[in-house]
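J.: Listed in order, the protein sequences are those of chains A and B. In case it helps, full-length UniProt numbering puts the first sequence at residues 1 to 461. In case it helps, full-length UniProt numbering puts the second sequence at residues 1 to 405.
Please keep in mind that the hints were generated in silico from the structure rather than gathered at the bench. Treat the hints with care, since some could be wrong.
Straight-line alpha carbon distances no greater than 25 Å define the calculated DMTMM-like cross-link-like pairs of lysine to aspartate or glutamate that follow [as the list claims (entries may be wrong)]:
{"no.": "1", "chain 1": "B", "residue 1": "K334", "chain 2": "B", "residue 2": "D274"}
{"no.": "2", "chain 1": "A", "residue 1": "K58", "chain 2": "A", "residue 2": "E72"}
{"no.": "3", "chain 1": "A", "residue 1": "K181", "chain 2": "A", "residue 2": "E458"}
{"no.": "4", "chain 1": "A", "residue 1": "K181", "chain 2": "B", "residue 2": "D185"}
{"no.": "5", "chain 1": "A", "residue 1": "K371", "chain 2": "A", "residue 2": "E381"}
{"no.": "6", "chain 1": "A", "residue 1": "K102", "chain 2": "A", "residue 2": "D363"}
{"no.": "7", "chain 1": "A", "residue 1": "K456", "chain 2": "A", "residue 2": "E442"}
{"no.": "8", "chain 1": "A", "residue 1": "K426", "chain 2": "B", "residue 2": "D185"}
{"no.": "9", "chain 1": "A", "residue 1": "K426", "chain 2": "B", "residue 2": "E330"}
{"no.": "10", "chain 1": "A", "residue 1": "K456", "chain 2": "B", "residue 2": "D324"}
{"no.": "11", "chain 1": "B", "residue 1": "K334", "chain 2": "A", "residue 2": "E423"}
{"no.": "12", "chain 1": "A", "residue 1": "K401", "chain 2": "B", "residue 2": "D185"}
{"no.": "13", "chain 1": "A", "residue 1": "K456", "chain 2": "B", "residue 2": "D185"}
{"no.": "14", "chain 1": "A", "residue 1": "K426", "chain 2": "B", "residue 2": "E333"}
{"no.": "15", "chain 1": "A", "residue 1": "K456", "chain 2": "B", "residue 2": "D274"}
{"no.": "16", "chain 1": "B", "residue 1": "K334", "chain 2": "A", "residue 2": "E424"}
{"no.": "17", "chain 1": "A", "residue 1": "K426", "chain 2": "B", "residue 2": "E277"}
{"no.": "18", "chain 1": "A", "residue 1": "K407", "chain 2": "A", "residue 2": "E431"}
{"no.": "19", "chain 1": "A", "residue 1": "K426", "chain 2": "B", "residue 2": "D324"}
Rough simulated footprint, nothing fancy, chain A against chain B, three-plus residues with beta-carbon under 8 Å [unchecked claim]:
{"no.": "20", "stretch": "126-134"}
{"no.": "21", "stretch": "148-159"}
{"no.": "22", "stretch": "165-175"}
In this text the structure is predicted, and so the values were computed from the model without any measurement. Backbone N, C-alpha and C define an ideal beta-carbon position, used for all residues, glycine too.
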Amino acid sequence: MSLRYGTRIILRRRGLYAPAYVNTSQSPLLARSWQRWSSVAASPASERVLFPGALNSKFTNALEFTRPSATEAIPTYRVMDQYGVVIDEHSGVDTTDEEALKLYSHMVTLSIMDLIMFEAQRQGRLSFYMVSAGEEGITVGSASALNPSDVVFAQYRETGVFIQRGFTLDQFMNQLFSNCKDGGKGRNMPVHYGSRQLNIHTISSTLATQIPHSAGAAYALKLQNLQRPDLPPRISCCYFGEGAASEGDFHGALNIAATRACPVIFVCRNNGFAISTPTADQYRGDGIASRGAGYGIQTIRVDGNDIFAVRKAIKEARRRALEDGGKPILVEAMAYRVGHHSTSDDSYAYRQKVEVEDWKRRDNPITRLRKWLEDRGLWDENKEKELRGKARKEILIAFDKAEKEKKPALRHAFTDVWETLTEEQKAHMNELRSVIERYPEEYNTDEYEGGLDGLKIEDSK
Amino acid sequence: MAVKPPVMRALSRSLSLRLRQAPRPSSPCSSKQLRTYSNEPTKARLNGSVDYSSTPLLNHISQSCLANPELPQHVRQSKTKRINLFQAINEAMRHALQTDERVLVFGEDVQFGGVFRCTMGLAQDFGNERVFNTPLSEQGLVGFAIGAASEGMRPIAEIQFADYVFPAFDQLINECAKVRYRAGDTGMDCGGVVVRMPSGGVGHGALYHSQSPEALFTHVPGLRVVIPRSPVQAKGLLLAAIASNDPVIFMEPKILYRAAVEQVPIGSYTLPLDRAEILKPGSDLTIVSYGTPLYTCQAAIEAAEKDFRCSVELIDLRTIYPWDRATVLESVEKTGRAIVVHESMMNAGVGAEIAATIQEQAFLRLSAPVKRVAGWATHTGLVYEKFIIPDVTRVYDAIKQSLDY
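Whenever a hint applies, use it, and build me the whole structure from the sequences.
T.: Right, here's the structure in full:
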C-alpha cells in the first residue's frame, strides 16, 4: 500500500520535470532532488564531482584549505579622488552640472538639518535624533540613481534618500515632532520616516528586518511586472549598516533573494562602527562585499565619499538587477560615521575625537563634491553662504510650524492595529476615557487634537 | 513504461506519513506490531475512545455539512465531498491561487507537495513562480512574505512545524504585526500575509514536533490567530484568512491532517474570523476549547453526561485572537461553570485569558472556579506525551470536579 503511494509520487515527478536544468532559480528545485537520487559516483576519468550541492567543483589531489587571507581585499571603486579631481576623465562623471548642483544642495540641506535637529534634541525639544554626517554621499547619490517607482527599504541613517526623493521639510519636521500632521500619526520615534507616495517603506528600529522585506518586495515587483508589462520595470533597494549585516536576517535575505532571483540592490553602508563596536569586533572577513559571492550575488565595493562613484555603481547595479528576469546585487559603500551614533550616544567614549576631526577634515562627501564644483567654476564662497543661509531659514520655518502643532488625536493610539477596531479595543478606549474623565487632573489631553473627544469611537475606523 | 521501485527516501517518507496518522482504533491500519510504542491500556474506559469516524464533531453526511447556517446560501445548495484536513487546506489554497493572481504559496519543501501534502499539485498547476520552495530559513521566508505583502501580494507562507516558528518571531511580532500601525497614514501594510503552520501533539513528536505556541501570538496586537478543528473549518477559515487584510497566523492541528475526514462543500466559502461556534448546547457547564482537544472534550462530555446526568455546552473558539468574548460569556452566564481545555502549557496560556475574562465579567454567575485543563509545566518528552497533553480522563475529571464544587 505504502509502496504504491511512494511510487505514485516518483512517477508524477519524473513525468513533469526534465532533470536537465539545475542551479537556476527558474528550475524547479525538484529537478535537483531528483538528480540527487539518480546521481551516480563520478567515473574514474571524470575531473568533476557529481555532488548535487556543488556541480562545478573539480577534483583535486592537493589537501588545501581555502584561506580568506589568500585573496586580496575587494577593491573600492571611485570616480574622483579626495581633492575632487576625476581620475579617469574618459569614463568620467555622468552628471549634468545642474544635477550635480542639486545633489550638492541636498547634501548640504541634510547636514544643516542634522546640526539643527541634533541641537534641538540637546535642548529637549524633541525626544531623539540621528545624524547622517559622513554618509550623505551614499544616500543622496544612490537615491539619485534609482527610478522614483523603485521601492526603498531603509535602516534609519538614510535621511538623504528621503530628501532626494522629495520628502519635504514640513514632512520631516512633522515626523520629528510627532504632531497631528505626521503621516505616522505620532507612533514612531523620530527619524522613522516613511512614505507610500515616495515608495519608501516606513522605518522600524529593528535592525536588518527590512532586508528580507526588500527581497520579498522585489519578488512582488518582478511578478507584477510580468503580469503587467505596461508598468515600468521596478526594483527594490535596501539600505543597512555593516553592523546590521551580522543579523540572521541579512543571511536569510541574501540567500532567498538569490534563489528566487529577486531584482533588488542591497546597499550596505559600512561606516566603521555599530554604535561603539568597531568592524574588527563585527566580522573578520573582507567587509560585507566578500560575502556576496558566497550567495552567488554580483557585488561591488564603492567609495561612499565619492557621490559620482556611488551613482555610477547604483545605476549599473540597477541595470544588472533587471537583467535575465531579475537578480540581486550587493553594493558595499565605504564611509566613516562622523557623528555620534544617535543623540543618546557620546562616541568619544569609544573613539578618539582627533580621529573624527581627521576624517571630517581629510575626506567627506560634501567637501569632495564642493571641490569638484569649484574646479569646474560652478561654485564659490558666496554661493555656499547663500545656500547655507537659505537652507537654514527654510528648516527653521518648518521647525517652528511643526513644533506648534498639536499631537495626533488620542484614538490613534488604537487605530491601525487591525484593519478595523476590535470589540476589545473599543472596550479599552471606553475604559481609558472613563479613567481620564474621573481623574482629569492626572492627564493632559489638551495637547492632543480634539482633546478627550479624540477618544470617541464613532470617529475611528 | 518501466516502473522503477521507489527509492529509500520516498519510501521512508510515505511510511512516516502513514505513521503520522492519528490512532484509529477501528482501523485495520493500527496493527499492534506497527505501533507497539502506543499501546492503549486494555481496561481503559475513557482514554483512547476518541473515534474520528463516528464523532459528532465531523460531518459524516452531506446534509449535516450543508445545514451549517454560516455557509452562504449558494454553497448550502451545492454538493459536498469527503476529504480530510490536509486536502481541505489544499483546496482552499488552490481556490485562492485560481481566483487571485496576487496569491503566492511558499515555504520549505512546498513545491513537491509539502511534508504533510498540503500543497500537493499546486506547483504543477500554478507554476513555480507562484508556488515555490524557499531556502531553509524561517526568518528569511517570513520576512520575504512581509515584503511581498507590503507590495500588494497575498503570500501564504508555510512554517514546516509550529515548533520552528521561533526564528521568525522577530519578523512576526516586530514587523508583521506592527507594519500598519507604525505606517499610519503613510500607507503601508502587510495585511495580505498568512503564515500556516502545523501544530499540536501527534503522539510521537516529542519536543520539536508537538508544540502549540498560539498563546505567544495572542499576546501580540495586530495578528489574528486561527486554529481550525475540521476540514470544513480549515477550508472556510483559511479562505477567510487569505481574504483578510490583517496578518493571520493559521495553525493546523497536524494530528487531524489525515484523521479528520468529513463532507466539505465543493465550492469556495469563508467562515467568520471573530466568531466562536457552539458545537453542542448544554445547561450545566461550559467547555471552551479549540483544535484537537475538542474531540477529547466531546468524548469526555459523552461519558460525563451519561455518568453524571448533566448537560455540557461545548464551544469551539476557532479564532484564538481576537476572540469571541460575547459567545463565551453568554454561555457561562447560562451555565455558571466553565472549563477551558488546550494542549499548550497552562501558565499564561489561552485558558488564563479566558478564565480571567469570565471571572471579570461573569463573576456573580459563577457557581465554581473556572477550571483549566492544559499541558503541564514541562516539555513534551517523547514517551510522556499522553501524560502531558490533556486526555479524556482529565477533562472528564474536571467536569466532575466542577459539578461537585
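J.: Please go over all the hints and tell whether each is borne out by the structure.
T.: Each hint, compared with the structure:
With a CA separation close to 21 Å, the supplied pair K334/B and D274/B stays within the 25 Å bound. Restraint check for K58/A and E72/A: satisfied, since their Cα atoms lie roughly 23 Å apart, inside the 25 Å limit. A hinted pair counts as satisfied when its Cα atoms are at most 25 Å apart, and K181/A with E458/A qualifies at roughly 21 Å. Simply put, K181/A and D185/B have alpha-carbon atoms about 10 Å apart, close enough for the 25 Å limit, and the pair holds.
With a C-alpha separation of about 11 Å, the suggested pairing of K371/A with E381/A holds against the 25 Å cut-off. Restraint check for K102/A and D363/A: satisfied, since their Cα atoms lie roughly 20 Å apart, inside the 25 Å limit. A threshold of 25 Å between alpha carbons decides the hint, and for K456/A with E442/A the separation of about 19 Å falls inside it, so the pair holds. For the hint linking K426/A to D185/B, the alpha-carbon distance of about 21 Å falls within 25 Å, and the restraint holds.
Between the alpha carbons of K426/A and E330/B the distance comes to roughly 19 Å, so the proposed pair stays at or under 25 Å and holds. Distance check on the hinted pair: K456/A and D324/B sit about 23 Å apart at the alpha-carbon level, within 25 Å; holds. For the hint linking K334/B to E423/A, the alpha-carbon distance of about 22 Å falls within 25 Å, and the restraint holds. Note on K401/A and D185/B: the hinted pairing holds, with a Cα-Cα distance of about 20 Å set against a maximum of 25 Å.
Restraint check for K456/A and D185/B: the C-alpha separation of about 19 Å stays at or below 25 Å, so the hint holds. The hinted pair formed by K426/A and E333/B meets the criterion: a straight-line CA distance of about 22 Å does not exceed 25 Å. Pair hint K456/A plus D274/B holds up; C-alpha atoms about 23 Å apart against a cutoff of 25 Å. Note on K334/B and E424/A: the hinted pairing holds, with a Cα-Cα distance of about 22 Å set against a maximum of 25 Å.
Proximity of K426/A to E277/B is assessed by CA-CA distance (about 23 Å); at most 25 Å being required, the pair is judged to hold. Of the supplied pair hints, the one linking K407/A and E431/A holds, its CA atoms being roughly 21 Å apart against a limit of 25 Å. Between K426/A and D324/B the CA atoms are separated by roughly 14 Å; this keeps the pair inside 25 Å, and the hint holds. For the stretch 126-134 of chain B, the stated coverage by chain A holds: 6 residues have a C-beta nearer than 8 Å to a C-beta of that chain, and at least 3 were required.
Chain A is given as covering the stretch 148-159 of chain B, and this holds because 7 residues of the stretch bring a CB closer than 8 Å to a CB of that chain, at least three being needed. Using a Cβ-Cβ cut-off of 8 Å, 5 residues of the stretch 165-175 of chain B lie near chain A, which meets the minimum of three, so the contact claim holds.
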